[in-house]
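Novice: Spelled out, the chains give:
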Amino acid sequence: MFFEKAFPHGKKERKVIENIRSHLSLLCTACHTLEAALEKRDRNLMGEVINLENEADIKRREILSNIYDGAFLPYLRPDLCKFVEIVDSIFDFLEETAYCYLEAEIPPEMAGECLRVAFFNRQMSEMLLITFQALVDGEDLREKTLAIRIYEKKIDDIKNYLTKDLRAVPVENFWNGLYLSNFLSSLTGISDVIEDASDHLQIISVSIR
Amino acid sequence: MNVHEFMTTRLEFVDGGASVYEAVEKMVDKRIRSLVVRFSGKDDGYGVITARDVVFRVLAKGINPQKMKVAEIASKPLIIINQDADLNEASGLMEKSNVARLFVSDGQRLVGLVSLMDVMRAMLIIRARGKYVL
Amino acid sequence: MWKILGGVFLGWSLGANDSANIFGTGVATGLVKYRTAVLLTAAFVLLGAVLEGSKCMGTLGELSRLGALEAFHCTVAAAVTMTALTALAIPASASQAIVGAVIGIGLFYGSADFSKLYKIISCWVFTPVCGIIAAYLFHRVLGYILEKTVVSLTNRNLLYYLGIMVSGCYGAYSLGSNNVANVTGVYVGAGQLSAETAALIGGISIALGVLTYSRKVMMTVGKGIAPLDPFSALVVVLATAFTLHVFTQIGVPVSSSQAIVGAVVGVGLVGDLRTVSSKMLAKIAVSWVLTPLSAGSLTYLIITLIK
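Protein chains in written order, with numbering that gives the first Met the number 0: chain A, 0 to 208; chain B, 0 to 133; chain C, 0 to 306.
Accuracy of the hints is not assured; some may be wrong.
[To be verified] Lysine to any residue pairs mimicking SDA-like chemistry, simulated, CA-CA at most 20 Å apart:
hint : chain 1 : residue 1 : chain 2 : residue 2
1    : A       : K152      : B       : R32
2    : A       : K11       : C       : L161
3    : A       : K39       : B       : E4
4    : B       : K66       : B       : F38
5    : A       : K39       : A       : A103
[Unchecked claim] From the derived model, a few chain B residues whose C-beta atoms are all more than 10 Å from chain A:
hint : residue
6    : L10
7    : F12
8    : G44
9    : F55
10   : I62
11   : P64
12   : N81
13   : Q82
14   : D83
15   : N87
16   : L109
17   : L115
[Claimed, not checked] Restraint-style ranges between C-beta atoms, simulated for each label pair:
hint : chain 1 : residue 1 : chain 2 : residue 2 : range
18   : C       : K147      : A       : G176      : 55 to 65 Å
19   : A       : Q201      : C       : E61       : 52 to 62 Å
20   : B       : Q65       : A       : D78       : 57 to 67 Å
21   : C       : V165      : A       : D156      : 46 to 56 Å
22   : A       : A110      : B       : E11       : 13 to 23 Å
23   : B       : L109      : A       : N43       : 34 to 44 Å
24   : A       : K152      : B       : I78       : 18 to 28 Å
Hints in this document: simulated from the structure, not taken from any laboratory.
Ideal Cβ positions, reconstructed from N, Cα and C, are used throughout, including at glycine.
Input sequences plus hints: build the corresponding full structure.
Specialist: Here it is, written out as structure tokens:
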């Protein structure tokens with residue numbers, strides 16, 4: 000017992016890293032599912048996104064308890080936990096997007112751009128996983144975080160267009176309008192949080208040098 | 000990664016018969032550097048007018064942009080690339096033709112525009128992806 | 000034989016105070032459990048005292064001729080000075096206190112040998128200097144090596160953890176080997192104890208101080224240095240341990256607090272000269288003068304009172 004604590008061989012740390020990796024893989028899957036659901040206009044598939052959010056929540060709790068079970072140096076733990084929480088809020092945005100989609104009617108003229116946003120979201124989530132892997136391997140994160148920022152700006156541009164186009168959409172029903180608006184803001188908000196997450200990885204990378 | 004993943008789908012048009020000044024107003028308001036020119040009449044191709052054209056051929060020469068028509072300084076034909084082409088083809092074509100943007104077609108019609116900045120951003124992303132297989 | 004108790008008291012207060020310099024950061028940041036830290040410190044202090052503690056024993060005895068009773072007075076005076084200064088929150092160095100006490104006795108009896116004092120004082124001055132240089136070099140060199148070799152997150156993490164443990168043990172060892180002479184060296188000079196026995200008894204008394212009374216100081220000192228990143232914290236402890244060990248070889252007991260302050264400054268120099276506060280430097284300079292003076296005058300007073 001004393002030896003395990005006195006001479007750690009990184010078993011707990013590896014477990015945490017594995018779990019965070021699968022948490023991020025789950026994120027990629029969720030983004031991919033959202034994209035596919037939008038493309039095929041599949042309501043069942045959209046419902047899957049909500050299920051994935053639940054699964055992610057369970058994963059998050061597991062990771063947090065692993066960390067406080069004694070993995071990593073105490074000064075690293077809060078940053079790692081913060082990262083997991085940020086990723087968790089990405090799932091919340093995905094869930095919100097899915098809910099609003101199921102409640103609202105997306106005008107066909109906006110469907111194409113929305114699909115593009117979902118496409119870029121998926122690419123961003125994959126880049127986030129790559130960035131995390133780079134952090135674990137001790138590499139420089141600069142190029143990866145730049146890539147994520149590029150995606151975020153691209154989505155920002157589309158968001159501007161969508162917001163302008165939205166004003167031209169006739170709204171007979173207030174609730175439909177509300178859900179449509181919420182759908183757009185959560186769909187375009189996903190990328191902001193992914194960018195936050197990657198910024199946080201940069202912080203962790205700097206603090207361990 | 001191919002062109003259609005990184006292009007802009009929003010194209011802004013201007014009539015060949017409009018004044019250069021109208022074109023300039025549009026460019027300023029929409030914060031873009033080029034406009035697709037629609038030629039009226041039997042010549043139903045497209046052309047392009049860019050900020051370079053406006054500056055070097057009109058403003059810097061002291062010519063009044065309100066007195067000049069877009070069709071007089073537009074370049075044609077458009078330099079087009081297919082949406083399934085890859086980035087290297089795009090950058091090669093830009094370099095060969097000495098332009099900063101290419102127009103994207105799906106085989107039948109114009110679907111977008113890919114600029115030098117777009118190509119740069121896409122190449123940076125490929126670099127970041129590096130050896131990672133997704 | 001009861002006169003040895005003065006030394007035991009001094010050793011105990013030294014252990015309680017100075018052990019914070021070794022594992023303070025580790026414990027305050029939650030890296031090392033307090034129990035583990037004190038057990039390791041006590042063990043390695045004793046080891047250091049027994050293995051190399053005798054190297055410094057001679058120095059104090061050279062300062063002035065001491066009988067057993069005088070030795071007792073010295074240690075008590077030094078211990079009291081230490082306690083008083085600690086209570087006033089002024090950094091207290093056992094080395095400087097005991098030297099002041101011995102000189103005080105020497106002045107009273109007119110048997111002080113000031114020529115030996117020069118060697119000791121120059122070592123005091125060089126302690127923080129050595130700390131600065133060692134810390135700066137270790138940070139640069141080790142940092143460079145680590146950058147090239149250990150890069151992955153898990154490995155870095157493991158390395159820092161092991162590093163703090165190992166450097167802590169080395170630090171405790173150096174502290175024991177260097178400072179045990181402060182505690183019982185006077186009795187060797189007085190002929191009451193052999194160097195080896197003095198080292199053993201002194202080592203045990205220091206270890207006892209570590210085990211029983213070091214918690215509060217460990218938390219306070221540790222928190223003060225805690226803002227350092229783990230690598231710098233590691234280098235600070237390593238540099239302090241190294242400095243103490245060097246002076247053990249020279250044969251002069253020095254202050255671990257001054258060594259660690261130097262080490263922190265040295266690490267600060269790697270980053271930016273601005274992080275080195277002139278206030279801290281001033282504090283070191285003041286305590287160089289204040290501690291031995293007050294210890295000496297106190298001893299003088301005590302002796303006059305008794306006679």
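Novice: Does each hint hold? Answer for all of them.
Specialist: Results of checking the hints against the structure:
1. K152/A x R32/B: 18 Å, holds
2. K11/A x L161/C: Judged against 20 Å, a Cα distance of about 15 Å means the pair holds.
3. K39/A x E4/B: 19 Å, holds
4. K66/B x F38/B: 18 Å, holds
5. K39/A x A103/A: 16 Å, holds
6. L10: Holds: least Cβ distance 12 Å, greater than 10 Å.
7. F12: 16 Å, holds
8. G44: Consistent with the label, G44/B stays out of reach of chain A, its closest Cβ about 26 Å off (over 10 Å).
9. F55: Holds, since 28 Å exceeds 10 Å.
10. I62: The claim stands: I62/B keeps its Cβ more than 10 Å from every Cβ of chain A (closest is about 33 Å).
11. P64: 27 Å, holds
12. N81: 19 Å, holds
13. Q82: 13 Å, holds
14. D83: Consistent with the label, D83/B stays out of reach of chain A, its closest Cβ about 16 Å off (over 10 Å).
15. N87: 18 Å, holds
16. L109: 15 Å, holds
17. L115: Per Cβ check, L115/B is outside 10 Å of chain A; nearest 14 Å; holds.
18. K147/C x G176/A: 55 to 65 Å: Because 59 Å falls inside the window, the suggested range holds.
19. Q201/A x E61/C: 52 to 62 Å: 58 Å, holds
20. Q65/B x D78/A: 57 to 67 Å: Since Q65/B and D78/A have Cβ atoms about 59 Å apart, the given range 57 to 67 Å holds.
21. V165/C x D156/A: 46 to 56 Å: 54 Å, holds
22. A110/A x E11/B: 13 to 23 Å: 22 Å, holds
23. L109/B x N43/A: 34 to 44 Å: Between L109/B and N43/A, where Cβ atoms are some 36 Å apart, the hint holds.
24. K152/A x I78/B: 18 to 28 Å: Once the Cβ atoms are compared, 26 Å apart, the range 18 to 28 Å for I78/B and K152/A holds.
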